[in-house]
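S.K.: What follows is each chain in one-letter form.
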Amino acid sequence: MIRLPVTEADLHAYVDGILPAERAAEIEAYLADHPEDAARVSSYCEQTAALHRAFDPILDEPLPRRLEVPRPVWARAALRYAALVAWIALGGVAGWHLHAYHAASEYEATTWARRAAVAHVVYSPEVRHPVEVGASEEAHLVRWLSKRLGAPVKAPYLGDLGYSLVGGRLLPGDRGPVAQFMYQDGKGQRLTLYVRRDADKRRETAFRFARERGVGVFYWIDAGLGYALSGEIDKPELLRVATAVYRQLNP
Amino acid sequence: MADVRVLMEEQIPRLRRYARALTGDRSSADDLVQDTLERALSRFHLWRHGSDLRAWLFTIMHNIFVNQARTRLRHQHEALESNAAVESMRAREPDWLELRDLESALAQLPHDQRAVLLLVGLEQFTYEEAARVLGVPVGTVMSRLSRGRERLRAVLAAGGNVSALKVVK
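Line by line, the protein sequences give chains A and B.
Read in the working numbering, the first sequence has 12 at position 12, and its numbers run on one by one without any break.
Read in the working numbering, the second sequence has 7 at position 7, and its numbers run on one by one without any break.
Worth flagging that the hints you see were computed from the coordinates, not collected in a lab.
Watch out, some of these pointers could steer you wrong.
Claimed, not checked - Chain A stretches covered by chain B per the calculated footprint, using a threshold of three residues with CB under 8 angstroms from any CB of chain B:
id, segment
1, 39-47
2, 134-144
What the hints assert, rightly or not - Here are the in silico distance ranges between beta carbons for each label pair:
id, chain 1, residue 1, chain 2, residue 2, range
3, B, Asn63, A, Asp174, 50 to 56 angstroms
4, A, Thr205, B, Thr126, 55 to 61 angstroms
5, B, Arg5, A, Ala29, 29 to 35 angstroms
6, B, Gln68, A, Pro125, 29 to 35 angstroms
7, B, Pro137, A, Phe207, 35 to 41 angstroms
8, A, Glu232, B, Thr140, 32 to 38 angstroms
9, A, Arg143, B, Glu128, 26 to 32 angstroms
10, B, Ala69, A, Asp33, 40 to 46 angstroms
11, B, Gly135, A, Ala223, 45 to 51 angstroms
12, A, Arg53, B, Asn63, 24 to 30 angstroms
13, A, Arg247, B, Gly139, 53 to 59 angstroms
14, A, Ala39, B, Ser42, 44 to 50 angstroms
To be verified - Just some of the chain A residues that point at chain B, by a computed CB distance under 8 angstroms:
id, residue
15, Glu8
16, Ile58
17, Leu67
Just so it is clear, the structure is predicted and the values come from calculations on it, not from any experiment.
Where is the CB? At the ideal position from N, CA and C, for every residue including glycine.
Please build the complete structure, drawing on both the sequences and the hints.
M.R.: Laid out in structure tokens, this is it:
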């Protein structure tokens, strides 16, 4: 019977139990004739067993509190966002009154537009972490956000208008999670599309527009989802994009 | 994100086990795990969905550990060569637990050998997986494994208080 020479790698593979049975048997035969190597192999096997005896109990230890999975990034971002909202609410910024609507639903709508604008202001200048999930994982992003919102959301394709998807993130809203998709043109001009589930599945509204401190927001409700498109571009251009978004979501 | 947290939480006990064996110290180990989790969450968008989350987390932990080890080296000289005489003087107490024996022996290995030995022996990564976690070729993993095991054997044999480890299977 011709045997392959036994190498150092074979001995370790034998210790680690990864050799096919036939080769393992050959190694055993070899070790029977080579007591020094046999002693080494036996010692290495014992090392592995000792490591498990010494360290496996850690697997069953209760986790210290500080090792609970830390708040995910979006939640930390949300805190930052909440701080900004609070700051605005406290009057730190004058002139955030987008429109003086009186009816409650109108008030809610402007709150919605304002939230969208704030989220735009917070995230669009981000250089390193503008989004949580990048456009390279668009399918995953859309699935994830749809799952979290509890409604199928889509990232509209705006390439024909010169805007490509950067990615998206999940944000907290006053009535549950909100999705934010970010787009960017060749010059780095960014637009964000803010999407949430609407309470009333059949409600629809026309486009509305608000602008504050350079951020324009077109917002509308359609087929159970509320949308707000924000950007620091002029109104006709933003309307062009908003219309494209609306048409894509209503083919 | 909820599912991500569950997936990560499942890995924490093994990250802790490895970190503990790697650092030899409970509190540095938990610091290392905490740093790893934080970095992983902040870079979660870089993880390919469906790929091996455990290997990804161990890779992050390894990188943090290596960077921290570099910082430590500036302040103190790591014991790169074993000194059996000094070690046997230090290790006279007869009732040390096996854990202490093993931890002090592991501490005498260069950390690259220690990491390979633990990834393969304790965490049961394949050689290829260990190579990816450490960012080195498989051949390097094999040579570090070989040197690490032999070194550990020599250190334990010189320790004088390692009867439990001398038992031949």
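S.K.: Taking 26 to 32 angstroms as the stated bounds, is the beta-carbon spacing between A/Arg143 and B/Glu128 within them?
M.R.: 30 angstroms, holds
S.K.: In this structure, is the beta-carbon distance linking B/Arg5 and A/Ala29 contained in 29 to 35 angstroms?
M.R.: Cβ of B/Arg5 to Cβ of A/Ala29: about 51 angstroms, so the range 29 to 35 angstroms is violated.
S.K.: For the range 55 to 61 angstroms, tell me whether the beta carbons of A/Thr205 and B/Thr126 fit it or not.
M.R.: 57 angstroms, holds
S.K.: Starting from the hint 32 to 38 angstroms, judge whether the C-beta atoms of A/Glu232 and B/Thr140 obey it.
M.R.: At 51 angstroms between Cβs, range violated.
S.K.: Kindly confirm whether 50 to 56 angstroms is satisfied by the beta carbon distance between B/Asn63 and A/Asp174.
M.R.: Violated: the Cβ-Cβ distance is about 40 angstroms, outside 50 to 56 angstroms.
S.K.: With a cut-off of 8 angstroms between beta carbons, are at least three residues of the segment 39-47 of chain A near chain B?
M.R.: holds (count 8)
S.K.: Go ahead and decide if the range 24 to 30 angstroms is satisfied by the Cβ distance of A/Arg53 to B/Asn63.
M.R.: Between A/Arg53 and B/Asn63, where Cβ atoms are some 29 angstroms apart, the hint holds.
S.K.: Should the hint that B/Ala69 and A/Asp33 are 40 to 46 angstroms apart at their CB atoms be regarded as holding?
M.R.: Given a distance of about 42 angstroms, which is inside 40 to 46 angstroms, the answer is holds.
S.K.: State, for the Cβ atoms of B/Pro137 and A/Phe207, whether the hinted interval 35 to 41 angstroms holds or is violated.
M.R.: Violated: the Cβ-Cβ distance is about 59 angstroms, outside 35 to 41 angstroms.
S.K.: Hint A/Ile58 vs chain B: min CB-CB distance below 8 angstroms?
M.R.: The hint holds - A/Ile58 has a Cβ within 8 angstroms of chain B, the shortest such distance being about 4 angstroms.
S.K.: Does the Cβ distance between B/Gly135 and A/Ala223 fall inside 45 to 51 angstroms?
M.R.: The hinted range 45 to 51 angstroms holds for B/Gly135 and A/Ala223, with Cβ atoms some 48 angstroms apart.
S.K.: Check the following: the C-beta atoms of A/Ala39 and B/Ser42 are separated by a distance inside 44 to 50 angstroms.
M.R.: With a Cβ separation near 48 angstroms, A/Ala39 and B/Ser42 satisfy 44 to 50 angstroms, so the hint holds.
The structure is inconsistent with the numbered hints 3, 5, 7, 8, although it conforms to all the rest.
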